[in-house]
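Q: Residues per chain are reported as follows:
Protein chains: 2
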Amino acid sequence: MPKIDVCLTPELLPLFKLDDKIVVVIDILRATSCMVTGFAHGISEIKPVATLEESATYGLMGYITAAERNGLKMEGFDLDNSPFSYMDPVLYGKKICVTTTNGTKAILQSAHARKVIIGSFLNLKTVADYLFIRGLDVVLLCAGWKGQVNAEDTLFAGALVSHLKESFAIGNDSALMARDLFELQKGRKLDFLRESSHFQRLNRLNIHKDIEFCLQSSIYECLPRLEKNVILAH
Amino acid sequence: MPKIDVCLTPELLPLFKLDDKIVVVIDILRATSCMVTGFAHGISEIKPVATLEESATYGLMGYITAAERNGLKMEGFDLDNSPFSYMDPVLYGKKICVTTTNGTKAILQSAHARKVIIGSFLNLKTVADYLFIRGLDVVLLCAGWKGQVNAEDTLFAGALVSHLKESFAIGNDSALMARDLFELQKGRKLDFLRESSHFQRLNRLNIHKDIEFCLQSSIYECLPRLEKNVILAH
Numbered sequence: 052m053p054k055i056d057v058c059l060t061p062e063l064l065p066l067f068k069l070d071d072k073i074v075v076v077i078d079i080l081r082a083t084s085c086m087v088t089g090f091a092h093g094i095s096e097i098k099p100v101a102t103l104e105e106s107a108t109y110g111l112m113g114y115i116t117a118a119e120r121n122g123l124k125m126e127g128f129d130l131d132n133s134p135f136s137y138m139d140p141v142l143y144g145k146k147i148c149v150t151t152t153n154g155t156k157a158i159l160q161s162a163h164a165r166k167v168i169i170g171s172f173l174n175l176k177t178v179a180d181y182l183f184i185r186g187l188d189v190v191l192l193c194a195g196w197k198g199q200v201n202a203e204d205t206l207f208a209g210a211l212v213s214h215l216k217e218s219f220a221i222g223n224d225s226a227l228m229a230r231d232l233f234e235l236q237k238g239r240k241l242d243f244l245r246e247s248s249h250f251q252r253l254n255r256l257n258i259h260k261d262i263e264f265c266l267q268s269s270i271y272e273c274l275p276r277l278e279k280n281v282i283l284a285h
Numbered sequence: 052m053p054k055i056d057v058c059l060t061p062e063l064l065p066l067f068k069l070d071d072k073i074v075v076v077i078d079i080l081r082a083t084s085c086m087v088t089g090f091a092h093g094i095s096e097i098k099p100v101a102t103l104e105e106s107a108t109y110g111l112m113g114y115i116t117a118a119e120r121n122g123l124k125m126e127g128f129d130l131d132n133s134p135f136s137y138m139d140p141v142l143y144g145k146k147i148c149v150t151t152t153n154g155t156k157a158i159l160q161s162a163h164a165r166k167v168i169i170g171s172f173l174n175l176k177t178v179a180d181y182l183f184i185r186g187l188d189v190v191l192l193c194a195g196w197k198g199q200v201n202a203e204d205t206l207f208a209g210a211l212v213s214h215l216k217e218s219f220a221i222g223n224d225s226a227l228m229a230r231d232l233f234e235l236q237k238g239r240k241l242d243f244l245r246e247s248s249h250f251q252r253l254n255r256l257n258i259h260k261d262i263e264f265c266l267q268s269s270i271y272e273c274l275p276r277l278e279k280n281v282i283l284a285h
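Residue numbers (our numbering), protein chains in the order written: chain A, 52 to 285; chain B, 52 to 285.
What the hints contain is simulated information worked out from the structure, not anything from laboratory work.
Watch out, some of these pointers could steer you wrong.
It does not matter which identical chain is meant; a pair holds if it fits inside one copy or across any two.
[To be verified] Restricting the straight-line Cα-Cα distance to at most 20 Å, the calculated cross-link-like pairs of lysine to aspartate or glutamate (EDC-like) are:
1) 197 with 62
2) 124 with 139
3) 279 with 71
4) 216 with 246
5) 98 with 278
6) 216 with 242
7) 54 with 246
With the hints as constraints, model all of the structure from the sequences given.
A: Take a look at the structure:
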């Protein structure tokens, strides 16, 4: 039986061997939720980069640029980090270069894995079905917040562990705890997250609507994945 | 209102500022449970050290030596890492030098905090009362297992957060999740831990009795604390 591990923050990633595993990168509020939304609305490619400078360079090469730091859109870039921005019909068929506080870093750090998948509540069922069919060992990598563990990414990791519990063995205690937390809170995700640090941070930015959107389960069927340092979904 | 943070593994400790905080070090299976048991049975002092070599040196200076690696007692040292060994009447009034896989390292790493306290289920109420009376910010440091997060240390951290919830603000999402996990599992700690990695590891070593012992709440009233790199309880 393949096993499923949860890595609660990228700071702990060096403890995991990734070469022969599928990594699911999770940044619910909001990087991976935005990416899934964008692909569901017809964008063609996402280039994840670590720095604002790299993003600006891709902008000169014709990419739409999305740059967020500390929850805020950076001056001089095209898109903020809201899933609603990724629904804009002008983005159809376009390439987007994205840099965010936590999510894009987590993607780049796991690039040496056998396969890297972009996960969010929005494409939960599609990701779970893919992992079930592949049947390989899995590491669910929570992007967290500046190294700290966060509640919403752990909750989604727990949702995946819970969905796959018949066909995967629990790999580590983080997976066990995430699963129990999800099973406890699944009926009241928003209320649970109201107490969390990120919710409070983002709520101050007046993006309550984004948070509610990002907590919807399985509304999209796309499966974004990293192919040679570019994210594609087709 | 003071705040309470949980650090799920020593790997994440660099993210926390400790100078003005009380740190509670937690290694339920079994280092901090053993220390509390030892003080409750009259030992006078514990010297935590990182290496087997240091422990051997303290042995030459008249200390009783306790050395564990990977759950096993090391050849040539006096004590193993079982709480029952710390009840031996011959230890009354004695000094013990201890080195373990995770617990003693976590203690040494937090030595620069304002105060370092040794916590376990065995002295839960005493630790909670002390933190309540002091009213300072707290970091609950889970020793984990070789850098990985573990279920039993997180469960105890959650017990402390739960006991202090009227008088401390939740500092980070790990504290929030640990609290919810404890409140979910408190009536069935042993059953919950049956699925955990450490339980399975230790159970192979045939120390089921130790595990049951370490999960008892508030049977001792001692409060071991670090004073100039030595642990005392009086």
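Q: Take the hints in turn and mark each one as holding or not.
A: Hints, one by one, checked against the model:
In this assembly of identical chains, residue 197 and residue 62 lie within 20 Å of each other by CA distance both inside one copy and across copies; the values are 9 Å within and 14 Å between. In this assembly of identical chains, residue 124 and residue 139 lie within 20 Å of each other by CA distance solely inside one copy; the values are 16 Å within and 63 Å between copies. In this homomeric assembly, residue 279 and residue 71 come within 20 Å of each other (Cα to Cα) only inside a single copy, at 16 Å, whereas the closest approach across copies is 46 Å. Taking CA atoms no more than 20 Å apart as the test, residue 216 paired with residue 246 passes between copies only; the shortest distance there is 13 Å, against 28 Å inside one copy.
Only within a single protomer do residue 98 and residue 278 lie at most 20 Å apart by alpha-carbon distance; the minimum there is 10 Å, versus 52 Å between protomers. For a Cα distance limit of 20 Å, the shortest separation of residue 216 from residue 242 across copies, 18 Å, qualifies, whereas the shortest one inside one copy, 25 Å, does not. In the homo-oligomer, the alpha carbons of residue 54 and residue 246 lie at most 20 Å apart only across protomers (14 Å), although the nearest pairing inside one protomer, at 31 Å, exceeds that limit.
Hint compliance for this structure: every hint is met.
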